[in-house]
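Based on the provided sequences and hints, a complete structural model is requested.
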Amino acid sequence: MPETRQSRIWPSGGVHFWPSGGASEAHAHTRGHLVYAARGVLSVHTAEGTSIVPANRVAWTPAGVVHRHRAHGDTDMRIVFPAARLLPEHPAVFTASGLAREVVLALTGPREYDRAATARLHRVLADELRAAPERPLHLPEPRDDRLRAIARRLYEHPGDTTSLAELGRAIGASARTLSRLFRDELGLTFPEWRTQLRIGHALVLLAEGHDTTQVAHACGWANPSHFIAAFSAVVGTTPGRHRVKVAQ
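Under full-length UniProt numbering, the letters of the sequence shown match residues 1 to 248, in that order.
In short, the hints are calculated from the structure, not lab data. Please note that the accuracy of each hint is not assured.
Here are the simulated distance ranges between beta carbons [claimed, not checked]:
#1 R241 / A106: 32 to 42 Å
#2 A233 / P88: 23 to 33 Å
#3 R115 / R153: 49 to 59 Å
#4 E89 / R169: 39 to 49 Å
#5 R153 / G236: 50 to 60 Å
#6 D160 / A119: 49 to 59 Å
All residues carry an ideal CB built from backbone N, CA and C; glycine is no exception.
Next comes the structure, spelled out in structure tokens:
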């Protein structure tokens, strides 16, 4: 990994303090691991797509899955290699309960625990995550060339409000064909996929210090109140509250 401001790693986990924009090379671990952003926002990239991990989520990457991380805003990334086997066997993002967050912070903080206490904390964390719903902010990576062309355009311009029919005309495909491809290949409708893209971009911009109105317009919402409603429905908190949390 490239140089970070500070790192502490031990057998059961560790801490990376990333400057904004800091990123790891693609890599894999022999054990599955959890990552949590105690400050800032993380993105986790795999061959299947990109997951955004704000402060109310924890991301799980199974053993052997090639991935890379990127920090958005100055980010305090906590890493836990759970002692208990966690399901599922694919990358996942879970809602992080208050207890789960505190256990992650305890396991990765400066306080030293004996082996028995550490094992108890791992069991509590495993129980919390087994009961937690998967709440991914996940943007699946398309494979079809037509979808990839649309994705490239919208990655570069998340606020683009061009309709699917217009996008299709630019690449020689009908809206009906593209709608079917989005559902069959990505498991999302085009509006759902574009909303996930925009919310992910919004999380990055908020972590970088932009205010709610700026972010709303940059992500394609003409009305900030509509953005706040969409953001809250996906993330579980308002943009303003999220911005305060990631800066703490």
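Okay, the hints, checked on the actual structure:
Checking the proposed 32 to 42 Å range against R241 and A106 shows it is violated: the Cβ atoms sit about 24 Å from each other. Evaluation of the 23 to 33 Å hint for A233 and P88 yields a pass: the beta carbon distance comes to about 24 Å. Range check, R115 to R153: Cβ separation about 53 Å, and the 49 to 59 Å hint holds. Our hint of 39 to 49 Å for E89 and R169 holds, since their Cβ atoms are close to 41 Å apart.
Remark: the range hint 50 to 60 Å for R153 to G236 is contradicted by a beta-carbon distance near 29 Å. The hinted range of 49 to 59 Å is satisfied by D160 and A119, whose Cβ atoms lie roughly 50 Å apart.
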